[in-house]
Amino acid sequence: RELADIAVKDDKEQFLAKNIVNRTWARLMGIGIVDPPDQMHSGNPPSHPELLQWLARDLTAHNYDLKRLIRGIVLSNAYARTSEWSSEAEAPAATTFAVAASRPLTPRQLATSLLVAVRQPEQWPAVDAVEEWERVRRDLENQSDGWSRSFEQPTPGFQVAVDEALFFSNNDRIQNDLLRDSGDRLIHHLKTLNDADTVQQLWVSVLNRTPADDEQQAALAWLQRENVERLDSVRSLTWALLAGPEFRFNY
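The numbering of the sequence shown is the working numbering, which starts it at 6 and goes up by one.
Treat the hints as calculated values from the structure; they're not laboratory data. Remember, it's a predicted structure, so these values are computed and weren't measured experimentally. Ideal placement from N, C-alpha and C gives every residue a C-beta, glycine not left out. Hints should not be assumed to be uniformly reliable.
[Said to hold, decoys possible] Each pair of labels, with its calculated beta carbon distance range:
| hint | residue 1 | residue 2 | range |
| --- | --- | --- | --- |
| 1 | D186 | E95 | 16 to 26 Å |
| 2 | K72 | D182 | 30 to 40 Å |
| 3 | T100 | Q125 | 42 to 52 Å |
| 4 | D186 | N147 | 20 to 30 Å |
| 5 | D168 | A66 | 42 to 52 Å |
| 6 | E137 | E234 | 37 to 47 Å |
| 7 | R62 | T100 | 19 to 29 Å |
| 8 | A170 | L212 | 37 to 47 Å |
| 9 | L145 | D168 | 19 to 29 Å |
| 10 | A103 | R178 | 36 to 46 Å |
| 11 | L56 | S174 | 42 to 52 Å |
| 12 | R185 | E137 | 20 to 30 Å |
Could you build all of it, start to finish, from the sequences and the hints given here?
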């Protein structure tokens, strides 16, 4: 009880509020203002003490309103930044938040993203209202439950586990579900397109971008190999994008 009283005591230190702010920031940004978040002490000072102090003060002033805190972070310029660094100068340290930190998807995020990526693009329902999108998202997340148990929960310094790599390489569910040739799957749709359109649609569906020129040429060369069934080439190319780091991480 004494420890709890100290934690919530309304003084200039604001230990509880700072911890809540820092852990929320780390969850959303990939790195804390104090990092690692569980090492908040005088020997590990915050990278931006004024920001931490302001957010903690705002949190307590609004009765620990977590929705307000999260909204403020996700609408900030820091959260909106890309992880790409285009300058020839050395990239700034992650603790400056001048560029975004690459973050691995959680098991639920990865599983849901897989189902979204491989769905027949012409079968997505038109969603005009927030409430309707919430229903669609819940349905997708419910469908992803069985998949999410196959993936590891990210930890600091995350690297793809051997089990996950083997799952993508050897598990029959990848071929029989995600890459199956049926009317509700991307693979079936790609069969109806010419090679150039196949590559464009595949990159948009899986990576949410168009391919770079060198990617386009490499993918076309793969699809146009002799003595190889086109469907097999489409499947293997789709698999390569789904199993790649650009899909696995949030950039």
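Verification of the hints:
1. D186 to E95: 16 to 26 Å: violated (47 Å)
2. K72 to D182: 30 to 40 Å: holds (36 Å)
3. T100 to Q125: 42 to 52 Å: holds (43 Å)
4. D186 to N147: 20 to 30 Å: Hint holds: Cβ distance 25 Å, inside 20 to 30 Å.
5. D168 to A66: 42 to 52 Å: Given range 42 to 52 Å: holds, Cβ gap about 46 Å.
6. E137 to E234: 37 to 47 Å: At roughly 40 Å between Cβ atoms, E234 and E137 fall inside 37 to 47 Å, so the hint holds.
7. R62 to T100: 19 to 29 Å: Roughly 22 Å apart at Cβ, these two residues keep to the hinted range, so it holds.
8. A170 to L212: 37 to 47 Å: violated (19 Å)
9. L145 to D168: 19 to 29 Å: holds (24 Å)
10. A103 to R178: 36 to 46 Å: Check passed, 41 Å falls within 36 to 46 Å.
11. L56 to S174: 42 to 52 Å: holds (43 Å)
12. R185 to E137: 20 to 30 Å: holds (27 Å)
Hints 1 and 8 from the list above are not met by this structure, while the remaining hints are.
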